[in-house]
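Build out the structure end to end from the sequences listed, making use of the hints.
For the record, the sequence lines run as chains A and B.
Under our numbering, the first sequence has 5 at position 5, and the numbering climbs by one with no breaks.
Under our numbering, the second sequence has 1 at position 1, and the numbering climbs by one with no breaks.
A couple of the hints might just be wrong.
Computed beta-carbon distance windows for the label pairs [claimed, not checked]:
| id | chain 1 | residue 1 | chain 2 | residue 2 | range |
| --- | --- | --- | --- | --- | --- |
| 1 | B | VAL58 | A | ASP103 | 49 to 57 Å |
| 2 | A | PRO55 | B | PRO151 | 18 to 26 Å |
| 3 | A | SER4 | B | PHE83 | 33 to 41 Å |
| 4 | B | THR90 | A | PRO55 | 48 to 56 Å |
| 5 | B | ASP130 | A | ARG102 | 52 to 60 Å |
| 6 | A | TYR98 | B | ILE21 | 35 to 43 Å |
| 7 | B | THR137 | A | VAL95 | 40 to 48 Å |
If the Cβ cut is set under 8 Å, some of the chain A residues that face chain B in the computed set are [stated by the list, open to error]:
| id | residue |
| --- | --- |
| 8 | SER31 |
| 9 | LEU33 |
| 10 | GLU37 |
| 11 | ILE82 |
Since the hints were made in silico from the structure, they are not lab data.
Every residue gets a Cβ at the ideal spot worked out from N, C-alpha and C, and that includes glycine.
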Amino acid sequence: MSHSLDAYLVLAGILFSIGTFGYLARRNAISMLMSIELMLNAVNLTIIAFGAFIPSLKVQGSVIALIVLAVAAAEATVGLSIVIAIFRNKKTPLVDEYDTMRD
Amino acid sequence: MAIPDAVPFINLGWDDLLFIILSTVMIGTAILVVTLRDIIRCGLAMMVSFAALAGLYVLIGAPLVAAAQVLVYIGAISVLILFAIMLTQTKAGPARLVFQTQAVPAAVAAAVLGLLIALTVGATNWNAVDAPIRVGTAILAQVLFDQYVLPFEIVSVLLLAAVIGGIFLAKREPDSSI
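What follows is the structure, encoded as structure tokens:
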């Protein structure tokens, strides 16, 4: 089981689906960011799995995964500071109460 | 004492057993992340999920990426998220409704997405080899700092820009009341 690419890809697919559900369904902005992190991790697992099981991608897979890791850190920094800035204005972390543009 | 080739009593290899344990922990805690009511517990469950994923990286033969996963995700991003939780949650937060009104359609959409991915994976021939290829740290470092040194440097500039942008976005305005 741990020697097949399909097992890792299906696992990453399940993790990505859980992240998608969390992103679509949660009301809290931080929860949505955590779901995005789950989805990024699923993509990283896919990249590593392809790198481990396809010989022509052997080293490149790890290089791409490391760069994705750094970009995910940058994304988390900016995303969380945007949430903090919005919270300072609106006094709520719930995204369905951010309705200024609806009025 | 020699360790037997397969797990006693059940006919599984050790790496298969580890794969099952780690993936169960990862998926279970990921479900906790998206369903728990208390958001601090969501953050802690997310750390466990990242740790199990680092274990899977070791199992698949990418130890350097596993170490980076522990340092960056568990060490940095989780702590950042926990700090953001402390800065942004109101006292009434956990008592309120956790999900949007479209939670059921979202669950259906996520299930359909997972099913589609599983079907696509099953129907495609990837020309994969039978056992994972280990990537040593020396060869990875050689490729990263020779062939891919420009993306590496661009990522470091991107991180610097993101940190400056984060400070700019999150800093208090001089005339704000809080």
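Tested hints:
Here the CB-CB span from B:VAL58 to A:ASP103 is close to 52 Å, well matched to the stated 49 to 57 Å. Remark: the range hint 18 to 26 Å for A:PRO55 to B:PRO151 is upheld by a beta-carbon distance near 22 Å. Between A:SER4 and B:PHE83 the Cβ separation comes to about 40 Å, which falls inside the hinted range of 33 to 41 Å. Separated by about 53 Å at the C-beta atoms, B:THR90 and A:PRO55 satisfy the suggested range of 48 to 56 Å.
Between B:ASP130 and A:ARG102 the CB atoms are about 56 Å apart, so this pair conforms to the stated range of 52 to 60 Å. Separation of A:TYR98 from B:ILE21 is about 41 Å and conforms to the stated range, judged on CB atoms against 35 to 43 Å. Between B:THR137 and A:VAL95 the Cβ separation comes to about 42 Å, which falls inside the hinted range of 40 to 48 Å. This hint holds: A:SER31 has a C-beta 6 Å from the nearest C-beta of chain B, less than the 8 Å allowed.
Satisfaction of the interface hint for A:LEU33 is found here, the shortest Cβ-Cβ separation to chain B being roughly 7 Å, below the 8 Å cut-off. At a threshold of 8 Å, the smallest CB-CB gap from A:GLU37 to chain B is about 7 Å, leaving the interface hint in force. At about 6 Å, the closest approach between the beta carbon of A:ILE82 and any beta carbon in chain B falls short of 8 Å, and the interface hint on this residue holds.
Violation of the numbered hints given earlier is absent; every hint is satisfied by the structure.
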